[in-house]
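Generate the whole structure from the sequences, applying the supplied hints.
Heads up: the protein sequence lines correspond to chains A and B, in order.
Going by the working numbering, the residue at position 98 of the first sequence is 98; the numbering climbs one at a time, nothing skipped.
Going by the working numbering, the residue at position 74 of the second sequence is 74; the numbering climbs one at a time, nothing skipped.
Simulated from the structure, these hints should not be mistaken for laboratory data.
Honestly, I wouldn't trust all of these hints.
Repeated chains share a single entry, so a pair holds when one copy, or any two copies, can fit it.
[As the list claims (entries may be wrong)] Calculated cross-link-like contacts (lysine-lysine; reagent style DSS-like; alpha-carbon spacing at most 27 Å):
1) LYS82 x LYS95
2) LYS82 x LYS42
3) LYS4 x LYS95
4) LYS116 x LYS42
5) LYS206 x LYS173
These figures come from a predicted structure and were not determined experimentally.
2 protein chains.
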Amino acid sequence: MLTKNLQFSASDIEKLSQRYRAEFINSLSGFKSANLVGTRDKQNNNNVCIVSSVVHVGAHPPLLGMIMRPHTVQRDTLENIKTTSVYTLNSVTSKFTQQAHQTSARYPHSVSEFEKVGLHMEDSTVINAPYVAESSIKLSLEVQDIVVLPVNQTELVIGQIVEAILPENSIDKTGYVDIEACDNMAISGLVSYHATQRIARYGYAKPNEELINICDEITRENK
Amino acid sequence: MLTKNLQFSASDIEKLSQRYRAEFINSLSGFKSANLVGTRDKQNNNNVCIVSSVVHVGAHPPLLGMIMRPHTVQRDTLENIKTTSVYTLNSVTSKFTQQAHQTSARYPHSVSEFEKVGLHMEDSTVINAPYVAESSIKLSLEVQDIVVLPVNQTELVIGQIVEAILPENSIDKTGYVDIEACDNMAISGLVSYHATQRIARYGYAKPNEELINICDEITRENK
Numbered sequence: 001m002l003t004k005n006l007q008f009s010a011s012d013i014e015k016l017s018q019r020y021r022a023e024f025i026n027s028l029s030g031f032k033s034a035n036l037v038g039t040r041d042k043q044n045n046n047n048v049c050i051v052s053s054v055v056h057v058g059a060h061p062p063l064l065g066m067i068m069r070p071h072t073v074q075r076d077t078l079e080n081i082k083t084t085s086v087y088t089l090n091s092v093t094s095k096f097t098q099q100a101h102q103t104s105a106r107y108p109h110s111v112s113e114f115e116k117v118g119l120h121m122e123d124s125t126v127i128n129a130p131y132v133a134e135s136s137i138k139l140s141l142e143v144q145d146i147v148v149l150p151v152n153q154t155e156l157v158i159g160q161i162v163e164a165i166l167p168e169n170s171i172d173k174t175g176y177v178d179i180e181a182c183d184n185m186a187i188s189g190l191v192s193y194h195a196t197q198r199i200a201r202y203g204y205a206k207p208n209e210e211l212i213n214i215c216d217e218i219t220r221e222n223k
Numbered sequence: 001m002l003t004k005n006l007q008f009s010a011s012d013i014e015k016l017s018q019r020y021r022a023e024f025i026n027s028l029s030g031f032k033s034a035n036l037v038g039t040r041d042k043q044n045n046n047n048v049c050i051v052s053s054v055v056h057v058g059a060h061p062p063l064l065g066m067i068m069r070p071h072t073v074q075r076d077t078l079e080n081i082k083t084t085s086v087y088t089l090n091s092v093t094s095k096f097t098q099q100a101h102q103t104s105a106r107y108p109h110s111v112s113e114f115e116k117v118g119l120h121m122e123d124s125t126v127i128n129a130p131y132v133a134e135s136s137i138k139l140s141l142e143v144q145d146i147v148v149l150p151v152n153q154t155e156l157v158i159g160q161i162v163e164a165i166l167p168e169n170s171i172d173k174t175g176y177v178d179i180e181a182c183d184n185m186a187i188s189g190l191v192s193y194h195a196t197q198r199i200a201r202y203g204y205a206k207p208n209e210e211l212i213n214i215c216d217e218i219t220r221e222n223k
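Written out as structure tokens, the structure reads:
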């Protein structure tokens with residue numbers, strides 16, 4: 001079936017209303033990770049906030065980045081990170097997408113989103129920041145750098161993973177963590193949560209070798 | 001069912017073998033976007049390369065970032081981007097995950113991955129870079145900044161969207177693009193491709209309002 005395409009020029013995008021453009025542009029990058037950031041302020045008040053901008057920066061040392069906007073609801077989170085230099089990342093599963101999404105509401109600073117949305121806190125054993133008990137994968141990170149991006153003053157927080165907690169049976173002999181089996185969600189746009197279904201798993205690609213889809217192999221073996 | 005957890009400390013991670021650690025750390029951030037980057041060199045040779053590190057940087061102006069490692073297969077792509085200051089991003093669908101993944105093989109510079117993997121090229125009308133004809137969503141970008149991250153010398157390429165092409169029926173009145181209906185894939189780890197199934201869509205969260213899952217509403221209406 002041929003589908004007619006829509007074409008947006010730079011000036012078409014410029015003319016969109018603010019909310020429409022935000023939703024539109026946030027959809028275009030593709031699927032995003034769903035994580036809750038756990039932080040504490042100086043008075044040990046707990047804060048938890050959803051982010052969809054976590055990105056792999058490097059494996060050795062193990063670094064993750066996340067883009068944060070200083071003037072949004074993420075302000076408390078960013079201030080806490082700057083104060084303590086630590087934070088946790090906690091995967092969002094299908095069991096609590098509503099609670100996770102509710103953390104994006106603008107609660108007063110003194111309010112703990114954990115209590116307001118009904119998620120449970122667990123202490124990290126290595127840093128002064130709260131894990132989300134309900135999450136399947138929990139990471140403790142120490143800030144290595146915060147880079148202010150000159151283009152629009154958003155801040156790229158780069159942290160090193162100093163603890164990783166995950167279900168025992170989720171990791172295979174190659175080091176791959178089956179985040180689908182962990183019930184991790186993907187996000188699209190600003191408000192949409194998706195479960196996943198693996199359709200292909202390949203090896204490392206080489207110029208003159210055909211790729212084999214391991215999922216097909218497994219299906220064949222089970223027949 | 002209670003699952004036993006595995007716990008990795010910083011020194012546990014440090015001790016992992018290089019390949020295992022790469023696969024492991026690449027899994028931990030959560031689901032990633034699946035895009036093909038289209039570029040050209042000075043001699044107009046076409047290059048196409050898969051990236052899973054595209055991240056939303058801002059909506060006004062519309063900016064996307066991607067983390068690139070100078071010493072990997074992405075080197076040609078990065079060199080072309082630095083030469084021409086433009087590139088395209090093209091969504092990967094279930095129809096061509098194998099071809100998309102094959103672009104990560106180390107082909108000689110003079111070889112066009114389009115021909116080698118069997119994908120088709122289409123000219124962007126606004127920049128000198130190739131689109132992937134098979135993709136459902138195609139974006140033209142102009143480089144606004146390339147930030148070298150001091151922590152590990154990876155480079156964050158930030159581009160502004162100057163053209164967006166997408167199926168007419170994929171965008172709703174809020175600006176949301178249904179990238180699931182566009183058959184966009186999500187990536188986990190280094191080699192796994194996933195289709196998605198929307199399980200929740202909420203509104204903007206407010207402190208004293210319960211979130212409604214629009215997916216539930218739609219299911220109810222169809223009964």
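Each hint tested on the structure:
no., hint, in the structure
1, LYS82 x LYS95, "neither (31 Å within a copy, 44 Å between copies)"
2, LYS82 x LYS42, "within (11 Å within a copy, 43 Å between copies)"
3, LYS4 x LYS95, "between (37 Å within a copy, 19 Å between copies)"
4, LYS116 x LYS42, "within (20 Å within a copy, 56 Å between copies)"
5, LYS206 x LYS173, "within (21 Å within a copy, 44 Å between copies)"
When the structure is compared with the earlier hints, a violation turns up for hint 1 alone.
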